[in-house]
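Line by line, the protein sequences give chains A and B. Once you know that position 233 of the first sequence is 233 in the numbering used here, the rest is easy, because the numbers rise by one and skip nothing. Once you know that position 206 of the second sequence is 206 in the numbering used here, the rest is easy, because the numbers rise by one and skip nothing.
You may find that some hints are simply not true.
[To be verified] Covered stretches of chain A (in silico footprint by chain B; criterion: 3 or more residues with CB under 8 Å from a CB of chain B, positions within the stretch not fixed):
{"#": "1", "stretch": "406–416"}
{"#": "2", "stretch": "427–440"}
[To be verified] If the Cβ cut is set under 8 Å, some of the chain B residues that face chain A in the computed set are:
{"#": "3", "residue": "Asp115"}
{"#": "4", "residue": "Val116"}
{"#": "5", "residue": "Ser342"}
I should point out that these hints are in silico values taken from the structure, not numbers from a laboratory. The C-beta atom is built at its ideal place from N, Cα and C for all residues, glycine as well.
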Amino acid sequence: MPAVEETLDTVRDATQGAYKWGFETEIEMEFAPKGLDESIVRFISAKKNEPEWLLEWRLRAFEAWKGMEEPRWPAVTYPPIDYQDAYYYAAPVNKVKPKSLDEVDPELLRTYAKLGIPLKEQAILAGVEGAGEVPADGGRMPVAIDAVFDSVSVATTYKDRLEKEGIIFCAISEAVQKYPELVRKYLGTVVPHTDNFFAALNSAVFTDGSFVYIPKGVRCPMELSTYFRINAKSTGQFERTLIIADEGSTVSYLEGCTAPQRDENQLHAAVVELVALDDASIKYSTVQNWYPGDENGVGGIYNFVTKRAACRGKRSKVSWTQVETGSAITWKYPSCILQGEDSVGEFYSVAITNNHQQADTGTKMIHLGKGTRSTIVSKGISAGKGQNTYRGLVRISPKATGARNFTQCDSLLIGDLCGAHTVPYIENRCMTAKTEHEATTSRIAEDQLFYCRQRGLSQEDAVGLIVNGFCREVLKELPMEFAVEAQKLLQISLEGSVG
Amino acid sequence: MNIQTPSGNAAGFLHRYAGLAERLPGAGVEAVRRLREAAAETLAAAGLPSRRVEAWRYTDLTPVLRAEFREALTPVDEAVELPPARAERRAVFVDGRFRADLSSLDGLDAAALSDVVGDVAGRLNTVASASQPMVTLNTLLFEDGLVLDVAEGVDAGRLELLSLASGETESTIHPRHLIRLARGARLVLLETAASPSGARHLHNPVFEIEVAEAAVLTHVRVQREAAGAYHLAHLGVRVAEGGTYDGFVLNAGGRISRSETHLALLGPRATAHLNGAQLVAEGQLADTTTALDHAAPNCASRQTVKTVLSGRSRGVFQGKILVRREAQKTDGYQMNQALLLSEDAEIDSKPQLEIYADDVKCSHGATAGALDPDSLFYLRARGIPADTARAMLVRAFLQEAVEIVEDEVARDALDEAVQGWWVGHGGEAA
Numbered sequence: 001m002p003a004v005e006e007t008l009d010t011v012r013d014a015t016q017g018a019y020k021w022g023f024e025t026e027i028e029m030e031f032a033p034k035g036l037d038e039s040i041v042r043f044i045s046a047k048k049n050e051p052e053w054l055l056e057w058r059l060r061a062f063e064a065w066k067g068m069e070e071p072r073w074p075a076v077t078y079p080p081i082d083y084q085d086a087y088y089y090a091a092p093v094n095k096v097k098p099k100s101l102d103e104v105d106p107e108l109l110r111t112y113a114k115l116g117i118p119l120k121e122q123a124i125l126a127g128v129e130g131a132g133e134v135p136a137d138g139g140r141m142p143v144a145i146d147a148v149f150d151s152v153s154v155a156t157t158y159k160d161r162l163e164k165e166g167i168i169f170c171a172i173s174e175a176v177q178k179y180p181e182l183v184r185k186y187l188g189t190v191v192p193h194t195d196n197f198f199a200a201l202n203s204a205v206f207t208d209g210s211f212v213y214i215p216k217g218v219r220c221p222m223e224l225s226t227y228f229r230i231n232a233k234s235t236g237q238f239e240r241t242l243i244i245a246d247e248g249s250t251v252s253y254l255e256g257c258t259a260p261q262r263d264e265n266q267l268h269a270a271v272v273e274l275v276a277l278d279d280a281s282i283k284y285s286t287v288q289n290w291y292p293g294d295e296n297g298v299g300g301i302y303n304f305v306t307k308r309a310a311c312r313g314k315r316s317k318v319s320w321t322q323v324e325t326g327s328a329i330t331w332k333y334p335s336c337i338l339q340g341e342d343s344v345g346e347f348y349s350v351a352i353t354n355n356h357q358q359a360d361t362g363t364k365m366i367h368l369g370k371g372t373r374s375t376i377v378s379k380g381i382s383a384g385k386g387q388n389t390y391r392g393l394v395r396i397s398p399k400a401t402g403a404r405n406f407t408q409c410d411s412l413l414i415g416d417l418c419g420a421h422t423v424p425y426i427e428n429r430c431m432t433a434k435t436e437h438e439a440t441t442s443r444i445a446e447d448q449l450f451y452c453r454q455r456g457l458s459q460e461d462a463v464g465l466i467v468n469g470f471c472r473e474v475l476k477e478l479p480m481e482f483a484v485e486a487q488k489l490l491q492i493s494l495e496g497s498v499g
Numbered sequence: 001m002n003i004q005t006p007s008g009n010a011a012g013f014l015h016r017y018a019g020l021a022e023r024l025p026g027a028g029v030e031a032v033r034r035l036r037e038a039a040a041e042t043l044a045a046a047g048l049p050s051r052r053v054e055a056w057r058y059t060d061l062t063p064v065l066r067a068e069f070r071e072a073l074t075p076v077d078e079a080v081e082l083p084p085a086r087a088e089r090r091a092v093f094v095d096g097r098f099r100a101d102l103s104s105l106d107g108l109d110a111a112a113l114s115d116v117v118g119d120v121a122g123r124l125n126t127v128a129s130a131s132q133p134m135v136t137l138n139t140l141l142f143e144d145g146l147v148l149d150v151a152e153g154v155d156a157g158r159l160e161l162l163s164l165a166s167g168e169t170e171s172t173i174h175p176r177h178l179i180r181l182a183r184g185a186r187l188v189l190l191e192t193a194a195s196p197s198g199a200r201h202l203h204n205p206v207f208e209i210e211v212a213e214a215a216v217l218t219h220v221r222v223q224r225e226a227a228g229a230y231h232l233a234h235l236g237v238r239v240a241e242g243g244t245y246d247g248f249v250l251n252a253g254g255r256i257s258r259s260e261t262h263l264a265l266l267g268p269r270a271t272a273h274l275n276g277a278q279l280v281a282e283g284q285l286a287d288t289t290t291a292l293d294h295a296a297p298n299c300a301s302r303q304t305v306k307t308v309l310s311g312r313s314r315g316v317f318q319g320k321i322l323v324r325r326e327a328q329k330t331d332g333y334q335m336n337q338a339l340l341l342s343e344d345a346e347i348d349s350k351p352q353l354e355i356y357a358d359d360v361k362c363s364h365g366a367t368a369g370a371l372d373p374d375s376l377f378y379l380r381a382r383g384i385p386a387d388t389a390r391a392m393l394v395r396a397f398l399q400e401a402v403e404i405v406e407d408e409v410a411r412d413a414l415d416e417a418v419q420g421w422w423v424g425h426g427g428e429a430a
């Protein structure tokens, strides 16, 4: 079967495909001492000038974490993590505000450029005085960006414009200072500080992240976006994101992640909490492209993330879309607690594992309210020696009358050394609820490949085309800006790899 | 091993073993003795599984562990009322003991395990894994069973296997059946487990089944024990090249019933059917758990399991399909569907695919819901009373699973059991 061999070749090529975002920015950093104990938690809290209640909360989380065990149930294997052998706080050293872009640390600017952030926004992110007032590029729909560099949010763009609408979009550390009552009201209410091992760790040592509040009846005029980047060596990144959509509001939020190429494993344990009140809608999109490690499985990010949304209001809606191409190990289950009557939860996911990557990802849809609906579409692609697991839970409580769930999980295998696994849990305790689940596993059909090749497409392009088609249902859920990036990413993960 | 004061959740069983050890079959056979001692050690150390064990997360054995069971003290020659025969040959077990006087095994190479345990000791725990809790428990206490060999190329026709509980005492019975089909052999094994209402026994059968090259075993189990009984079955099955295991399990009785099948397709072009239906009424829990291991290329597996739930009841389906790297060209299909007829019913479903080969076609589906109101309306609009309409729809739902069974006699037995259940529980469901 020559076609198969060729595919395998392209997979092999992929392993040589370079990680485009593998650069490291050398800028002056400030570190907390290596290791983790109560003093580090206090150090971080003091550094952030946090109120007493937050420090207490962190310490409670730290106490709980010490008594917890790392989860062993995911279908992933990795050597034990030494939690004392990492920095829990790393921040670019603060300087006086630069007057123009020329005065900005060129390394930082280069980073932004490599991340593909337009110049004007670069100026704002770099904190150039007055840059915030610069209008957006003519005609282009602006995207407000919050950039998180290792542990701290470095800058947020378009703040003023958003403030006119009453929208708060800033670093969570800033929100703690400026809007403590809002943060206190919602922080830890969706993902409690004792939720799981990694969430507890995050609660104790989280350093920054984004905070979003959309007031009643406001439709956020632009996409909100956060770029996360792990830069410094031996650091863990623990960001915490909190998004609150008040009654009748709408927001679309994008998250992108990259990291430098290193031969060590770095830990990323984030927590994302979403709260949607009556008639509110949150769309949360992620393109996760942390460094996946090299073709021998050396290095790469351990991406152990807890993401959960509470659809508290009637007719509220949360939609998770994720494209997971990076990380050595992904452990992530963006979930929806559907409390409000007629609330809606959606989960669209593409996960690619190549070389030695492992992904154990999926979702939980907890139906509590009447007439709640959820949709799950998961596409897993395994190549090389990758292991890809969909793990999901659909639970319908007795009170969720008329609830509805549809789940579809498809897996694509490329090469005979990888694995694709599906582990759904479906628990229905309501007679009038209806659940449907279907899953398929297959490889790229020879006849499809042949059809494409016959029409002059290269093997790589053909595979790319087919894979893009396989993922289309998910990709079309992404905001346009991200859809383009995601397709490119697939192409790269697959180009070097499958097509 | 000296079990002076057994503790842990399996203490009751270990106590009984300590008392029975010298009287159980194979007590004088070193190999059997070693297996039993190993089982005792495992149970003393690990106990029986709690819901923290992933494979048992939906089935809580606490009521079984709390029950006080005694040894079955059934007279071995008492007359027993047998259900009408479905096949010319039948093997009858009463309270776990083989009853030669009630059985007819003419022309079959069959024996009671208690008579031949010394000769077949080497076959014990080779197909069923001793690491499985229900196999461990059975190994500790098995008292009898059917040992059946069908020789090469022989079509053995139909054999009925009856497991009856007398219901006299709250006893536990642990039959161990060893069934082997040689190359090209055929057999239809029609099994019924029943007990009089009010019986509260534990029935813990273990099957070790080997299907050789091109052999075909049709195995239909009808479990309709009393609503107070516990039925915890484990089936270990191995299928060689070109062989077929065509299985169907009907779980219709018992307060807690679990039928767990671990099947391995070990040779190319082997086939497995693991179909079933569960009829669950007030106060019952029925669990169908299967683990299908595709270990050779070009094999096919088919599975359709339907569950109907009424009253305060719980249905569980756990179906895992493992496709190993060697098992290219695997064709695997699995479907499980549940029909909820009551507001207090719960269905927990965990279909699972674990795939390491790329040139495969595997899919599974799972649905759960109430009767379709449109279908009901359609029937009612044609003058069919609500109860009848419901009954028709439930029958139609189950029919899809039952009609897969090709053997007519077996299918009739299933139809009858389904009908009997509906008559017994229909009022409640309607």
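How the hints compare with the structure:
Look at the stretch 406–416 of chain A against chain B: 5 of its residues bring a Cβ nearer than 8 Å to a Cβ of that chain, three or more, so the hint holds. Here's how the stretch 427–440 of chain A fares: 14 of its residues keep a CB closer than 8 Å to some CB of chain B, so the rule of at least three is met and the hint holds. Given the 8 Å rule on beta carbons, the hint for Asp115 of chain B is violated: about 45 Å separates it from the nearest Cβ of chain A. Of the supplied interface hints, the one on Val116 of chain B is violated, with its beta-carbon coming no nearer than about 42 Å to a beta-carbon of chain A, more than 8 Å.
For Ser342 of chain B, the interface hint holds, the least distance from its beta-carbon to any beta-carbon of chain A being 6 Å, beneath 8 Å.
Checked against the numbered hints above, the structure breaks hints 3 and 4 and satisfies the rest.
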